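*Asks:* Given next are the chains, with one letter for each unit.
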Amino acid sequence: MTDMPPEAASPRVGLFATCLVDLFRPSVGFSAVKLLEEAGCRVEVPMAQTCCGQPAYNSGDRADAADLARQVIEVFEGFDYVVAPSGSCAAMLKKHYPELLSGDARWAERAERFSDKVFELVSFLTDIRKVVRVEAAYQGSVTYHDSCSGLRELGISAQPRKLLATVEGLELREMKDSDICCGFGGTFCIKYSDISNAIVSKKTVNIEASGADLLLAGDMGCLMNMAGKLKREGSAIEVRHVAEVLAGMTDRPPIAGTASRRER
Amino acid sequence: MELTSPAFKANAARALQDAQLQKALGNVEKGFVAKRAAARQALPEFEALRDQGRALKTHVLEHLDLYLEAYEAKVKASGGHVHWAESAEQAREIILDICRKAEAKTVTKGKSMISEEIDLNTFLEENGIEAVETDLGEYIIQLRHEHPSHIIAPAIHLNKEQVEEDFRRVHTHLPDSRDLSEPVALLSEARAVLRQRYFEADVGITGANFLIAETGSSVIVTNEGNGDLTQSLARVHVVVASIEKIVPTLEDCASILRLLARSATGQDMSVYTTFSTGPRRPEDEDGPEAYHVVLIDNGRTAMLGSEFEEMLRCIRCGACMNHCPVYHAVGGHAYGSVYPGPMGAVLTPSLNGINRSGHLPNASTFCGRCESVCPMKIPLPKMMRHWREREFEKNLTPAATRYGLGFWAFFAKRPALYRRAAGLGMRLLSAFGGEKRRLSRLPLAGGWTDFRDMPAPEGETFVAAFNRQRGA
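The listed protein sequences derive, respectively, from chains X and Z.
First residue of the first sequence: 1, per my numbering; consecutive thereafter.
First residue of the second sequence: 265, per my numbering; consecutive thereafter.
No wet-lab data here; the hints were simulated from the structure.
Just so you know, these numbers come straight off a predicted model, no measurement behind them.
Possibly wrong hints are sitting among the right ones.
[Unchecked claim] With a straight-line cut-off of 27 Å between C-alpha atoms, the simulated DSSO-like cross-links for lysine-lysine are:
{"no.": "1", "chain 1": "X", "residue 1": "K191", "chain 2": "Z", "residue 2": "K677"}
{"no.": "2", "chain 1": "X", "residue 1": "K202", "chain 2": "Z", "residue 2": "K658"}
{"no.": "3", "chain 1": "X", "residue 1": "K191", "chain 2": "Z", "residue 2": "K658"}
{"no.": "4", "chain 1": "X", "residue 1": "K95", "chain 2": "Z", "residue 2": "K641"}
{"no.": "5", "chain 1": "Z", "residue 1": "K340", "chain 2": "X", "residue 2": "K95"}
{"no.": "6", "chain 1": "X", "residue 1": "K162", "chain 2": "X", "residue 2": "K130"}
[Claimed, not checked] Chain X is faced by these chain Z residues, among others (derived, beta-carbon under 7 Å):
{"no.": "7", "residue": "Q281"}
{"no.": "8", "residue": "R652"}
{"no.": "9", "residue": "G687"}
{"no.": "10", "residue": "L688"}
{"no.": "11", "residue": "A729"}
[As the list claims (entries may be wrong)] Here are the simulated distance ranges between beta carbons:
{"no.": "12", "chain 1": "Z", "residue 1": "E390", "chain 2": "X", "residue 2": "G211", "range": "41 to 49 Å"}
{"no.": "13", "chain 1": "Z", "residue 1": "R705", "chain 2": "X", "residue 2": "G211", "range": "28 to 36 Å"}
{"no.": "14", "chain 1": "Z", "residue 1": "P707", "chain 2": "X", "residue 2": "M47", "range": "28 to 36 Å"}
{"no.": "15", "chain 1": "Z", "residue 1": "F671", "chain 2": "X", "residue 2": "I128", "range": "35 to 43 Å"}
{"no.": "16", "chain 1": "X", "residue 1": "A165", "chain 2": "Z", "residue 2": "M377", "range": "46 to 54 Å"}
{"no.": "17", "chain 1": "X", "residue 1": "S201", "chain 2": "Z", "residue 2": "A341", "range": "54 to 62 Å"}
{"no.": "18", "chain 1": "X", "residue 1": "G103", "chain 2": "Z", "residue 2": "G295", "range": "42 to 50 Å"}
Backbone N, C-alpha and C fix where the C-beta goes; we use that ideal spot for every residue, glycine too.
Just chain X, same shape as in the assembly (with noise of 0.2 Å):
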C-alpha cells in the first residue's frame, strides 16, 4: 500500500535478480515482483542479466568487471528505475559502475546516469514509493540482520523495520550487534574459510540469543553463510530474505531448509 498521489506514474521497472537470487532462492525474486507491483510498477525481468560482477571487481580483475559493468547498463539503462533485492549488488550498480567506467571517456556519463536509476528493492519501496505498509501476516518472532554493503554504503537500516512493523502478527527481536559483518565477504569465505567462521559463529550466538524463530536480512550471501551456520550447528531458527515475508510468501521451505531432529 502506498501514499503517491494517483497521478504518480506507474514505472517501468527492470529487476536486477542478482545471481544468487536467481541461482539460488527464486522466491525471493517472485517476492520482488509482487512487492513492486504492489507498489504500482510494471516489472520486467530481462533475460540477458547474469552478474553485477563484484566477483571479479573485489579480485582486483578490472577488465571483467568492467566488461559486466557495460553488459548490465546495456540490458538495464532503459528502464525508469533498477531494481535490485540486495545491497550489495544495488551498491556495486550505483556506486562502484561509475568509479569503474570513470576512465572510460564512452561510458563514464552513461555510468553516471544508471546511477541515479538503481535502488535496493527495500528502500526503493519506502523512499521513492513511497510504501508505509505491506499486505502480509506471519506469525511469529523475526530477527534482522543489516548486510554490511546496504547499511554503509546505502544506508538502509530504518527502511526494513519499519516494513516489517506493519507485517501482521510479527514481533521483532532485534539482535545485538545487527550491525557487524557476518563474515561472508564474497571470495572471502572461500579464501579465508576459517577466518569467516570465526566471524559467523559470533554472529550465530546473537542470533540464537534474540529468541526469534526466523532470521531475515537483505542480501541472499550473508543469508547463504548464516544459514549454512546455523543449520550446521543443529539451530531450528530458520532463514529468509525480509522480501519474502514483506511480500507475505513464506509458504516455501526456508533457505538451507528447516532443522530435521539434531543431525551430523
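Once you have looked at the hints, place chain Z on chain X.
*Replies:* Here is chain Z on its own, set in the frame of chain X:
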C-alpha cells in the same frame, strides 16, 4: 622485525586456536568500541570535525613540501636540528650518529610506531646502545621480545597473569610475597623500575603525533606521562616522525586532537598532550640540551599522487582495527608486519611491497566498518581493492583464484550460455539437496562446507521461471 605477512594464513590459524589470545581480543571488540561510541555520541560536532580533519590533511598533502620547509625553518630558529631520512636505513644511521656524539649508553623511548617501522631498537642494541621502552605496554612486550599487536595498545594480546609472570622473571628483586595480581600493582612496579632509567638515559627518543609548521613544535599524546619524562630528563631529545605528521598551525593541531583520543580510546583528551619546541632555553628550569628531529620518508612520497595518497591522512588512532571483525578474530600479530588491521592492510604493501603483503588487503570482508569510524574518513576498503588490482595486474593473484575467475567470467559475459549452464547446474544441485534443502559436502567448495552447510537451490532459476510464467 621479521616480516611474516606471507604466512598470514598460518598465523591466523594459530591465532584462532589460541584461547588466551581470543579472550584478550574480546577487550578490543567490546571495550574500545563502546568507549568510542559514547565519546562520539557526546560530541554533536563529531561528524563535522571528521570533514574538517579530512579537508585539513588533504590540504597539507597537497602542499607538503611547503609546510615541511616552514617547519624546518622554525625548528632551526628555536635552536633545534632537522635531519631528513629517505629510507629506514638512513634514519637509523642518523639516530645512531646523534647517540654516538652524545656518548650515549642508554636511551629511553616514548611509544613510537615509526621507530618500530624502522626497527630502531634492534639496530641500537647491535651497536651497543641499550634502548628502554617506557610506555607500559611497550615495556612489557620488550621484556617478551615481541612486537606491538596494536598501534595504540601494543600489549593488548596479553592478560595480566602473563605480565606478572614476565615481571617476576625479569625483576629479580621482587619478593614472592609481593602481590601483583591487580593491574595497578603491575603499573606501580613498572613505574618504580623505569623511574631510575629516565635519570640514567643519555638520549630520549619520542615519536610525534603532530609536527606544527607554524611553531616548529612536535606534539605527543600519552596516558602515562612517560613521554614527558623521556624527552625532558635526557640530555638529548630526538623526535622521530614520518613526514605526513605535519599540520600548519596550533589551531589545526587542536582540531585534530579533538578527534584523536575520542576515536582511539574514547577519551575526550589523552591524559598528557605535550608540545616541545627546541632545546632548553636559558630561562627554562629543565629540558634537553639538544633537540633533534629526524624526518622520515620511507616510501611516503611514492604514495603521493597515487591511489594510496589518502592513506597519508592517517593519524594512527587505531579505530579501524578496533572495529574490524577480522582483527577481532586473529589479532595484530597474525598480520606479520608493523601495522596491523585495515590501516596496515593498506600501508604495509606500500612499505614492504605487494608481493610480500598480498594477504593483508585480501583478508577483508569489505564490511566497511573501518571507513565508517575513521576520523580522517580514509576509504580503506577502496584502497585495499586497489592493492588487489595491483596484485592482479602483476599476476600475483593465486592461480586458483585466477582460474576460478576466468571460468566464471567466461559464462557471466555470455548470457545465453550462462542461462543454459545455470539452469542445468541448479537443477542438479537442487536434486542433491534432497528434502533437507542443504548439502553438507560439495566438491570444490570445501572452504564453505568445512564449516557450514550449503543451502540447496530451489530448482529452476528465477530469470527463466519468471519469463516462462509470463510467457515472455
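*Asks:* Let me make sure I understand: some of the numbered hints might not hold for this structure. Which ones are they, in numerical order?
*Replies:* Hints 2, 5, 7, 9, 10, 12 contradicted; others consistent.
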